[in-house]
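Q: Order-wise, the sequence lines are chains S and X.
For the first sequence, the working numbering begins at 1 and goes up steadily by one.
For the second sequence, the working numbering begins at 1 and goes up steadily by one.
Derived from the structure by calculation, the hints contain no laboratory data.
Some clues are possibly wrong.
Cross-link-like lysine-lysine pairs, in silico, DSS-like; alpha carbons within 30 Å at most [unchecked claim]:
1. Lys202(S) to Lys179(S)
2. Lys15(S) to Lys119(X)
3. Lys202(S) to Lys233(S)
4. Lys119(X) to Lys25(S)
In this text the structure is predicted, and so the values were computed from the model without any measurement.
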Amino acid sequence: MPAPASPLLSLEALKVAYGGIQAVKGIDLIVGDGELVCLIGANGAGKTTTLKGITGLQPVQSGTVRYGGEDVTGLPAFQLVRRGLAMVPEGRGVFGGLTIEENLAMGAYVRQDRDAIRADIERVYGLFPRLKERRRQTAGTLSGGEQQMLAMGRALMSRPRMLLLDEPSMGLAPLMVQKVFETVLAVSREGVTILLIEQNAKLALEVSSRGYVMESGEITLAGDAKMLLHDPKVRAAYLGVGA
Amino acid sequence: MHPILDLRHRPAAALVGLALVAIVLVVLPFVLTGIGTFWVRITNLAILFCLLALGLNIVVGFAGLLDLGYIAFYAVGAYTYALLASPHFGLHLPFWVILPIGAAVACFFGVILGAPTLKLRGDYLAIVTLGFGEIIRIFLNNLAQPVNITNGPQGIARIDPFRIGDLSFSTTDSIAGLTFTGPMKYYYLLLVVLIAVIAINLRLQDSRIGRAWEAIREDEVAARAMGINTRNMKLLAFAMGASFGGISGGMFSAIQGFISPESFVLVESIMVLSMVVLGGMGNIWGVVIGAVLLSFAPEILRYTVEPAQRMMFGRTLLDPEVIRMLLFGLALVLMMLFRPAGILPSALRKRELETRRSAG
Numbered sequence: 001m002p003a004p005a006s007p008l009l010s011l012e013a014l015k016v017a018y019g020g021i022q023a024v025k026g027i028d029l030i031v032g033d034g035e036l037v038c039l040i041g042a043n044g045a046g047k048t049t050t051l052k053g054i055t056g057l058q059p060v061q062s063g064t065v066r067y068g069g070e071d072v073t074g075l076p077a078f079q080l081v082r083r084g085l086a087m088v089p090e091g092r093g094v095f096g097g098l099t100i101e102e103n104l105a106m107g108a109y110v111r112q113d114r115d116a117i118r119a120d121i122e123r124v125y126g127l128f129p130r131l132k133e134r135r136r137q138t139a140g141t142l143s144g145g146e147q148q149m150l151a152m153g154r155a156l157m158s159r160p161r162m163l164l165l166d167e168p169s170m171g172l173a174p175l176m177v178q179k180v181f182e183t184v185l186a187v188s189r190e191g192v193t194i195l196l197i198e199q200n201a202k203l204a205l206e207v208s209s210r211g212y213v214m215e216s217g218e219i220t221l222a223g224d225a226k227m228l229l230h231d232p233k234v235r236a237a238y239l240g241v242g243a
Numbered sequence: 001m002h003p004i005l006d007l008r009h010r011p012a013a014a015l016v017g018l019a020l021v022a023i024v025l026v027v028l029p030f031v032l033t034g035i036g037t038f039w040v041r042i043t044n045l046a047i048l049f050c051l052l053a054l055g056l057n058i059v060v061g062f063a064g065l066l067d068l069g070y071i072a073f074y075a076v077g078a079y080t081y082a083l084l085a086s087p088h089f090g091l092h093l094p095f096w097v098i099l100p101i102g103a104a105v106a107c108f109f110g111v112i113l114g115a116p117t118l119k120l121r122g123d124y125l126a127i128v129t130l131g132f133g134e135i136i137r138i139f140l141n142n143l144a145q146p147v148n149i150t151n152g153p154q155g156i157a158r159i160d161p162f163r164i165g166d167l168s169f170s171t172t173d174s175i176a177g178l179t180f181t182g183p184m185k186y187y188y189l190l191l192v193v194l195i196a197v198i199a200i201n202l203r204l205q206d207s208r209i210g211r212a213w214e215a216i217r218e219d220e221v222a223a224r225a226m227g228i229n230t231r232n233m234k235l236l237a238f239a240m241g242a243s244f245g246g247i248s249g250g251m252f253s254a255i256q257g258f259i260s261p262e263s264f265v266l267v268e269s270i271m272v273l274s275m276v277v278l279g280g281m282g283n284i285w286g287v288v289i290g291a292v293l294l295s296f297a298p299e300i301l302r303y304t305v306e307p308a309q310r311m312m313f314g315r316t317l318l319d320p321e322v323i324r325m326l327l328f329g330l331a332l333v334l335m336m337l338f339r340p341a342g343i344l345p346s347a348l349r350k351r352e353l354e355t356r357r358s359a360g
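All chains, full assembly: derive it from the sequences and hints.
A: This is how it looks when you write it as structure tokens:
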């Protein structure tokens, strides 16, 4: 597998356990600067647990998380955000009682530059025009797809170098899923490094440059996304196409 | 922002309104003394409850952490003052030394309560805080032996009043031809403190800290993903709320001159929480209105319920104490039915309820 020239995020033999259950059994994963990499796998394969391990939401048993050349293993999420590693949690987690604009402002919590924040809110509106139309509406009244866009826009407000996306397509209508992936691609083109965690293997592989396939806590396949998309094993297991 | 205080859009109206409120607040104790000094005392207690409710509002209204033992911090502040300014230990420190100490001690207890409960929310947090409040009260009741610290259920008496130079807050003085009774002096002092606390709360709400609390209240995991140190922010909410409780407690001690564990029972915690909820969680003006209403309501009822019964039935059928609690409960139930977000709901709380209704 062609390893990226300069890794921004790397996991080395990462092990994460829930109680007695070994959910992530020592995985290696690299995301290069500026890359869009996806981690795909079935329900319960350990994808979200991997993410929780990276962001300190679940204690790491052993192994290392390196970000920007620094060992950040076990560092809490709020400190990662301050280092430019932002995340969109599973189930979106928008602030339902706040308006869209307040949600976006909250995303810039770690920043102090008022004028630039204002400009960035407009930039997010440019990316997601639907949010602008509803800027004064509470986030709780948005549809699932709109909430996902808001969650992504809000994560961008911290001006991250890298985004961790956890199942952005979960529970969305097919048309909306398409739209969400388009925006993932758009964000990536803005130069933000992305690790995309997805169950929808086909779409994830289509937008990514490289991919990792996870199965019961282990990485079973890794490589070029186009190659994985045509790999008979992947096609059989995740794309519903007989080998 | 409240319409009366809309300085930007209606500066003239706002200034006139503020001036009127100021005049009423300055003249009030003279009018009340005319009716009976008793009413000035009630007003002072109402202001103390405003301070308490504002302190609890930080924890419950801003950060969304349900605290059912808040009166414990009031107790800690009250006992700190009583022990350092009474014949009990023979210490007589001036109040401006003790009040900060009381705030600090209460703050310390706030962190002690906050630290182990960081991972708890909602009902579970409520149970632990409730227990904490009771633990403090039981300690106060029993710390009389083997070393007599709190004097147990007998409480501590002859607590020093506030004193600035030769001016004592417990005596009647004539200043510039006007007669100021003790309660009147305390009234003005309390008013100044209340204004300061309201100002601090308003600033706090609009600050980065206020926004962090808002985020935590809405969704803690998402708040962490925003780069908010949720642990420290929650501890800060407990610490600040407790400090305000401690200061109020110290003032209560000085005004009453006597305290005992009986003043810090669970019902008091529930009372302060009711003030916050009734007035409008998270809305500073709402909380003040809630505290004033609930402080005065029992007293007004006390003076109307009995005469009203005698007029209607010729005799007192129901004990005023009983009917007071009955009416009080009824008022709370009606409030929750018709204005669930409080008398003056916070903008956020109102929107949340609307969202929930349209979603459900």
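Q: Compare the structure with each hint and give your call.
A: Cross-check of the supplied hints:
no.	hint	verdict
1	Lys202(S) to Lys179(S)	15 Å, holds
2	Lys15(S) to Lys119(X)	24 Å, holds
3	Lys202(S) to Lys233(S)	13 Å, holds
4	Lys119(X) to Lys25(S)	27 Å, holds
Of the numbered hints given earlier, the model fails none.
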